[in-house]
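Protein chains: 2
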Amino acid sequence: MRNICMTVSYDGTAYHGFQVQPGKITVQECLEQGIKILTGEEVKVISSGRTDAGVHSRGQVFNFVTASQIPVERWALALNARLPDDIVVRHARIVPDHFHARRSAKRKTYRYTIRYGKYPDLFKRYMEFHHPTRLDLDEMREGLQHLVGQHDFVSYCSVRNTKKSTVRTIYEARLECDPWDEDLKSTAVHIYLSGSGFLYNMVRIIVGTLLQVGEGKRTSLDMRSILEAKDRASAGPTAMPHGLMLWEVFYPE
Amino acid sequence: MRNICMTVSYDGTAYHGFQVQPGKITVQECLEQGIKILTGEEVKVISSGRTDAGVHSRGQVFNFVTASQIPVERWALALNARLPDDIVVRHARIVPDHFHARRSAKRKTYRYTIRYGKYPDLFKRYMEFHHPTRLDLDEMREGLQHLVGQHDFVSYCSVRNTKKSTVRTIYEARLECDPWDEDLKSTAVHIYLSGSGFLYNMVRIIVGTLLQVGEGKRTSLDMRSILEAKDRASAGPTAMPHGLMLWEVFYPE
Numbered sequence: 005m006r007n008i009c010m011t012v013s014y015d016g017t018a019y020h021g022f023q024v025q026p027g028k029i030t031v032q033e034c035l036e037q038g039i040k041i042l043t044g045e046e047v048k049v050i051s052s053g054r055t056d057a058g059v060h061s062r063g064q065v066f067n068f069v070t071a072s073q074i075p076v077e078r079w080a081l082a083l084n085a086r087l088p089d090d091i092v093v094r095h096a097r098i099v100p101d102h103f104h105a106r107r108s109a110k111r112k113t114y115r116y117t118i119r120y121g122k123y124p125d126l127f128k129r130y131m132e133f134h135h136p137t138r139l140d141l142d143e144m145r146e147g148l149q150h151l152v153g154q155h156d157f158v159s160y161c162s163v164r165n166t167k168k169s170t171v172r173t174i175y176e177a178r179l180e181c182d183p184w185d186e187d188l189k190s191t192a193v194h195i196y197l198s199g200s201g202f203l204y205n206m207v208r209i210i211v212g213t214l215l216q217v218g219e220g221k222r223t224s225l226d227m228r229s230i231l232e233a234k235d236r237a238s239a240g241p242t243a244m245p246h247g248l249m250l251w252e253v254f255y256p257e
Numbered sequence: 005m006r007n008i009c010m011t012v013s014y015d016g017t018a019y020h021g022f023q024v025q026p027g028k029i030t031v032q033e034c035l036e037q038g039i040k041i042l043t044g045e046e047v048k049v050i051s052s053g054r055t056d057a058g059v060h061s062r063g064q065v066f067n068f069v070t071a072s073q074i075p076v077e078r079w080a081l082a083l084n085a086r087l088p089d090d091i092v093v094r095h096a097r098i099v100p101d102h103f104h105a106r107r108s109a110k111r112k113t114y115r116y117t118i119r120y121g122k123y124p125d126l127f128k129r130y131m132e133f134h135h136p137t138r139l140d141l142d143e144m145r146e147g148l149q150h151l152v153g154q155h156d157f158v159s160y161c162s163v164r165n166t167k168k169s170t171v172r173t174i175y176e177a178r179l180e181c182d183p184w185d186e187d188l189k190s191t192a193v194h195i196y197l198s199g200s201g202f203l204y205n206m207v208r209i210i211v212g213t214l215l216q217v218g219e220g221k222r223t224s225l226d227m228r229s230i231l232e233a234k235d236r237a238s239a240g241p242t243a244m245p246h247g248l249m250l251w252e253v254f255y256p257e
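Chains as they are written, first to last, in my numbering: chain A, 5 to 257; chain B, 5 to 257.
Treat the hints as calculated values from the structure; they're not laboratory data. Please note that the accuracy of each hint is not assured.
Chain copies aren't distinguished; within one or between two, either way the pair holds.
As the list claims (entries may be wrong) - Simulated pairs of lysine-lysine, DSS-like, Cα-Cα distance not exceeding 25 Å:
hint, residue 1, residue 2
1, Lys40, Lys122
2, Lys28, Lys168
3, Lys28, Lys40
4, Lys189, Lys128
5, Lys128, Lys168
6, Lys234, Lys167
7, Lys48, Lys110
8, Lys48, Lys234
9, Lys48, Lys167
10, Lys189, Lys221
11, Lys28, Lys122
12, Lys168, Lys40
Quick caveat, the model's predicted, so the values are computed rather than measured.
Kindly produce the complete structure, drawing on both the sequences and the hints.
Pasting the structure below:
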């Protein structure tokens, strides 16, 4: 038996998230079915963590144990031929038996994209949250810095959270802005958050709150006082899922 | 009455092309319905030319005559609110009565995008034709140059063509390559063709033939001998529609 680890990109638009749910189409189900067609085995795919309905992935990581003798360098193309167009395995490697895509993950990066300005980019409408009016990007950048470090993120977490501890560490939080598109009179603003782990809806609640900072409804300092309040009600709304992408997952070598 | 000219982008994936066809959803129909909801008028939209099913547009141009008094600077946002997400009007202006989006057009540019290399970019899968094996881009670039100038393009034209004259002028033909994406082991290759006008399927047949040049099945010089043959059967297949985008339409100022 071999433990195989893969990196997979997907467009989450058509899926009810990553994790298998009875009666709903999920990414995990497609992967497990593809592997079954390829090997005849009923494997269970272990991911680095679920993503919500409509959320995308550039670099989701999963592993599974198989008796198949398919050479590892052929796995990606072989599996892609058995997957829908909106799921693409980008890399496959053999990992030690103890490797577990969720438990072994050391750091995760998410990206949230806001298209800010007059017109949306229609070819990216499934991937960019469109905000037509002015945003104060400097204030948003400042607000993000208050989140860096180890904090109790209970305020920025869905009340449906089931995790015991709501303490997480954010290693890096940055905002990058693409060049202004004169044609669309808008630009894409990317918010990158890297951390030890993320709570349920954490990135989307942070972005929903940060948008209020950008709109001038809150100040950058509020990002910190919301942390201190330890109350979900003190934060802003949960931003739409389609702007969110699981960017990268890091493992110790 | 005012003659209004608009520039419109659309994702052609969901449409049976631009031009109204009974019983099928087209871009023109959506535009005319949007204008009707806005003004109550049954207008006829005149485009710079039809685009086929699945073909996209960055800068399609159309005009229509209206009695509406909506200020021209409000037209784009007002109409966008009444259009589906995959059609976005980017600009509106008042033009002289004699302006006709098709007859007044002086030059058109199309772009065709091939994703060349191992993996497709799944977030652009509706816009890029994926070609997994090697392409000789230099030979393709050379092949394109044989098309520049005034020629009878009947070999590069669908047999369903209804136009009397098949002579057209290509002003510019170029191939641009994006930086190599190490992650996807592929890159996007964009073919831009600018001309006085294009025959039915002309860009797609040129690209389908050029792909054979890139694969080494033909030489760059064949692009010229195909012109001289004046026979559709001498050219290659019609490339898939989804890689094609109407890029820009030029009018005399």
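| field | Numbered hints the structure breaks, given as an ascending list | value | 2, 5, 8, 11, 12
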